Amino acid sequence: MHAVETKKLTKRYGKTYALKNLDFRIKKNEIMVLLGPNGSGKTTLLLILATVLKPTSGQAEVMGLDVSTQSTQVRKALGIAFQDARGFWRHKPADLLKFHANVCGVSKSEQAPLIENIFKDLELWGARNKLFMHLSGGQAKRLEVSKLFVQRPRFAIFDEPTSQVDLRGKRKIWAQILKLREEGSTILVATNEVREAEYLADRVTVLDEGEHVVCDTVRQLKDSITGGDIVELEIDTPDTAALKDSLRGIEGTVKITNSDSNNFKAYVSMAESWVPRMTDICYRNKAHIHSIRVTEPSLDDVFLHFTGKTLREGANA
Amino acid sequence: MSEIRVILALARNDFSYFFRTKWLMAVLLSLNLSDMLVVALVYERMMTFDYFAYFVPAVIIMGLFAASMDTGRRIWLALRENVIQYELSLPVSTQGIVIAYLLAGGAAALVYASSLMAIALIVLPANAIWTALVLLPFLFVLAMGLAGIAATLAAIASTHGEFFFAFQNILQVTLLTLSTVYYPIEIIQNYLPPILVTVVSANPLSLTVEALRQFAFVGVPIDMGSLANILLASLPFTIIGALAYWSALRKLQVNGKL
Amino acid sequence: MRNVIRLVWFDLKAELKPPIWIIAGWLVFLVRIGIYGAMISQLMTVAEIEDYSSFFAVGLVIMITFDMASHTGRHFVEHAHEGRLPYLLSLPMPRSKLFLTIALQGGAELALMLAVPLSVTLLIIGNLSWVSIIACVLTLFWLGFGVAGLMLSLSFIAFKSSDLYTAIVTGLSTIIIRFSTVLYPLIFLPPQYAVAAVFSPLTHGSDLVRLILGFEPSILLNPIYTVSVLVALSVSTLGLGLVLVQRLVEGVKSA
Numbered sequence: 001m002h003a004v005e006t007k008k009l010t011k012r013y014g015k016t017y018a019l020k021n022l023d024f025r026i027k028k029n030e031i032m033v034l035l036g037p038n039g040s041g042k043t044t045l046l047l048i049l050a051t052v053l054k055p056t057s058g059q060a061e062v063m064g065l066d067v068s069t070q071s072t073q074v075r076k077a078l079g080i081a082f083q084d085a086r087g088f089w090r091h092k093p094a095d096l097l098k099f100h101a102n103v104c105g106v107s108k109s110e111q112a113p114l115i116e117n118i119f120k121d122l123e124l125w126g127a128r129n130k131l132f133m134h135l136s137g138g139q140a141k142r143l144e145v146s147k148l149f150v151q152r153p154r155f156a157i158f159d160e161p162t163s164q165v166d167l168r169g170k171r172k173i174w175a176q177i178l179k180l181r182e183e184g185s186t187i188l189v190a191t192n193e194v195r196e197a198e199y200l201a202d203r204v205t206v207l208d209e210g211e212h213v214v215c216d217t218v219r220q221l222k223d224s225i226t227g228g229d230i231v232e233l234e235i236d237t238p239d240t241a242a243l244k245d246s247l248r249g250i251e252g253t254v255k256i257t258n259s260d261s262n263n264f265k266a267y268v269s270m271a272e273s274w275v276p277r278m279t280d281i282c283y284r285n286k287a288h289i290h291s292i293r294v295t296e297p298s299l300d301d302v303f304l305h306f307t308g309k310t311l312r313e314g315a316n317a
Numbered sequence: 001m002s003e004i005r006v007i008l009a010l011a012r013n014d015f016s017y018f019f020r021t022k023w024l025m026a027v028l029l030s031l032n033l034s035d036m037l038v039v040a041l042v043y044e045r046m047m048t049f050d051y052f053a054y055f056v057p058a059v060i061i062m063g064l065f066a067a068s069m070d071t072g073r074r075i076w077l078a079l080r081e082n083v084i085q086y087e088l089s090l091p092v093s094t095q096g097i098v099i100a101y102l103l104a105g106g107a108a109a110l111v112y113a114s115s116l117m118a119i120a121l122i123v124l125p126a127n128a129i130w131t132a133l134v135l136l137p138f139l140f141v142l143a144m145g146l147a148g149i150a151a152t153l154a155a156i157a158s159t160h161g162e163f164f165f166a167f168q169n170i171l172q173v174t175l176l177t178l179s180t181v182y183y184p185i186e187i188i189q190n191y192l193p194p195i196l197v198t199v200v201s202a203n204p205l206s207l208t209v210e211a212l213r214q215f216a217f218v219g220v221p222i223d224m225g226s227l228a229n230i231l232l233a234s235l236p237f238t239i240i241g242a243l244a245y246w247s248a249l250r251k252l253q254v255n256g257k258l
Numbered sequence: 001m002r003n004v005i006r007l008v009w010f011d012l013k014a015e016l017k018p019p020i021w022i023i024a025g026w027l028v029f030l031v032r033i034g035i036y037g038a039m040i041s042q043l044m045t046v047a048e049i050e051d052y053s054s055f056f057a058v059g060l061v062i063m064i065t066f067d068m069a070s071h072t073g074r075h076f077v078e079h080a081h082e083g084r085l086p087y088l089l090s091l092p093m094p095r096s097k098l099f100l101t102i103a104l105q106g107g108a109e110l111a112l113m114l115a116v117p118l119s120v121t122l123l124i125i126g127n128l129s130w131v132s133i134i135a136c137v138l139t140l141f142w143l144g145f146g147v148a149g150l151m152l153s154l155s156f157i158a159f160k161s162s163d164l165y166t167a168i169v170t171g172l173s174t175i176i177i178r179f180s181t182v183l184y185p186l187i188f189l190p191p192q193y194a195v196a197a198v199f200s201p202l203t204h205g206s207d208l209v210r211l212i213l214g215f216e217p218s219i220l221l222n223p224i225y226t227v228s229v230l231v232a233l234s235v236s237t238l239g240l241g242l243v244l245v246q247r248l249v250e251g252v253k254s255a
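Chains as they are written, first to last, in our numbering: chain Y, 1 to 317; chain G, 1 to 258; chain W, 1 to 255.
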């Protein structure tokens, strides 16, 4: 049984589809990253799984429980950190976390040390007695995700968990998310930040305009782009043209260009298998390799490959 | 955690929120205390009628009323700031959220009114102080009914702040004006048409303030019929408010917005 | 000056979409004067006030003037709190003109809010000359500017804590109204309260307006005294507000 499963899930507002016949699965104890620009339906999907929104049609199950008919039980199994921090303005962070911990059934004996550790790790300890309305955007966001690190739900949903957070804070939040997975949680992260997706994902699902585009591991997605890896070479060779022809003949080569007699750029499908064959050819052609640089495609390239637009363009569409 | 515990936790959260809003406490206290200690005293000098003894108990009900109506503002704020989405994600039913807010609204208003009552009992010694304690549960039911009215308003007007505050203002002034909070029923009967006199008589504010005046301050023996009338007048508002708020939450879940 | 008018209209247009708060204010006035005023006046037995409902109507108009003037100060705080103030400060106009837009907008909103209540009050009182009507309107605006200046001067508290500002202003407002002659003449206030009431700008505003509208002079303050206080109030508070807007507002972060 999957931890989360949707079948032909649809959410419509008037004539506009936020989600259209979405089939989506998350395995138990995996980190699934939902990638897509603003307006792709990520938040809508998250809110339906969290039972905050009702679907128009189709089915969704969390931990085997139907989100429409067993919503209260579903909510006992999950926790959600919203895209915008949701706080009771006149409460303090410490009080907000204690409240959340109480409501979600964290035992009293565990609460204090857990909250203290999370606050200290996410650099909120100094702000624990400030009113929520006085927190900065980054602090409010860190508080928002802290709720789930204290709650440790079986299914954790993070909607853009590190937006407005600095790089150091991002790494700390990512570390906590990974720790949550190690403790047995299934995790869904929605983001349009490529670096975050690459860091966290076991698998990535790409959504565009409410529809499922592709789902696979990061490695597989990158490798599926023909000519996605770029190998830049600086080579001393007696015969540039002959070398170029030989390199073109290697399996997985899409294109070879050279800016001069020494500098080559090869567009290949899988650099890890192409480079050893390239070095073999250079050796046989008595070419001397000065440097090799390999660049992988990014998830932005993946998105472009599958949807025809970049994540940023998708956001502006 | 059981549903009841979560409801109580949510209610406690909202209850404490009421008392943390400094500017609101400042408004309510300055309004009610100045009404009790200034307006009532001055008006008494301008009337042959003992207006001080008449109005001081009413200030308790006015305080209860204003504090209950603040429930609407807190619901409106929760809807506007999307805090309600957080509450909808908690392990509690939608009905549970509604019950929590009404309980909190009633309890906060009762605590506030009790403090006014303590002050009132100092400035206007009552003939039957213990009766005042007996009336507290009925004040709580009234407060929940008023919170229900406020919740209805918040649910209807939550998309536009200006609508909410404008409607609340009109409603508050009308409910208070069409009651015996400020003036006796005999004066009202001389002036208003019979249908409005009936409205005044049935107004839960009138029923409660008269009970407070007669039973606690004057010392007339408690009449169970009057207490039953307070319940009968207040409970429908509680139910209507609960339904209105619940349907607003359902609408939010279906449409994503109100 | 064109920019001043543009900015006033720009902000006013937003406030008037929809004008529900103005209509609500009018309705509340009508309910209060039509029911509360009429009932309470039946309980009043003092010879000095022939008709308490018209006395009370004037009081309501003064309260509306006070509320709208306070709103001007709060509006300025909202500009800061919601991040609009830096934008306003970046506009190509002198600070004094910015201050003028605040004052003009407040005046326009006051005029709109007073339109129905003042007309109804003047109709209730009746038998008035154009001179007294104009004098009454001018007094109300003068009072409004004075109170607005006071609230603007206090608005800098909000830059430390908007919560504290709202608590002080709203708490102060209710006390200022009750410790004044808005609802009752000075002679009926207990001596200790009367001392405090004399310091309230609303006492001077209400007594002057009532004198202009023909109420019994023996229950009202000396008009020379009231005029002096109102002029001094508005000049000092508006002047202080202008200085604060020009000197202190830049670089201030709202709380």
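Just so you know, these hints were derived from the structure itself, not from any lab. This structure is a prediction, so every number in the text was calculated from the model and none was measured. Every residue, glycine too, gets a C-beta built ideally from N, C-alpha and C. Please note that a few of the clues may not be correct.
Just the calculated beta-carbon pair ranges, DEER-fashion [as the list claims (entries may be wrong)]:
no., chain 1, residue 1, chain 2, residue 2, range
1, W, I23, Y, K120, 33 to 41 Å
2, Y, K120, G, I4, 31 to 39 Å
3, W, I23, G, I185, 54 to 62 Å
Here are some of the chain Y residues that sit facing chain G, going by a computed Cβ distance under 7 Å [to be verified]:
no., residue
4, A50
5, R75
6, N102
7, V103
8, V106
9, K108
Okay, the hints, checked on the actual structure:
1. W/I23 to Y/K120: 33 to 41 Å: Between W/I23 and Y/K120, where Cβ atoms are some 54 Å apart, the hint is violated.
2. Y/K120 to G/I4: 31 to 39 Å: holds, 34 Å
3. W/I23 to G/I185: 54 to 62 Å: violated, 31 Å
4. A50: holds, 5 Å
5. R75: At about 4 Å, which falls below the 7 Å cut-off, the nearest Cβ of chain G leaves the hint on Y/R75 intact, so it holds.
6. N102: holds, 5 Å
7. V103: holds, 5 Å
8. V106: violated, 9 Å
9. K108: Not OK, violated: Y/K108 not within 7 Å of chain G, min 12 Å.
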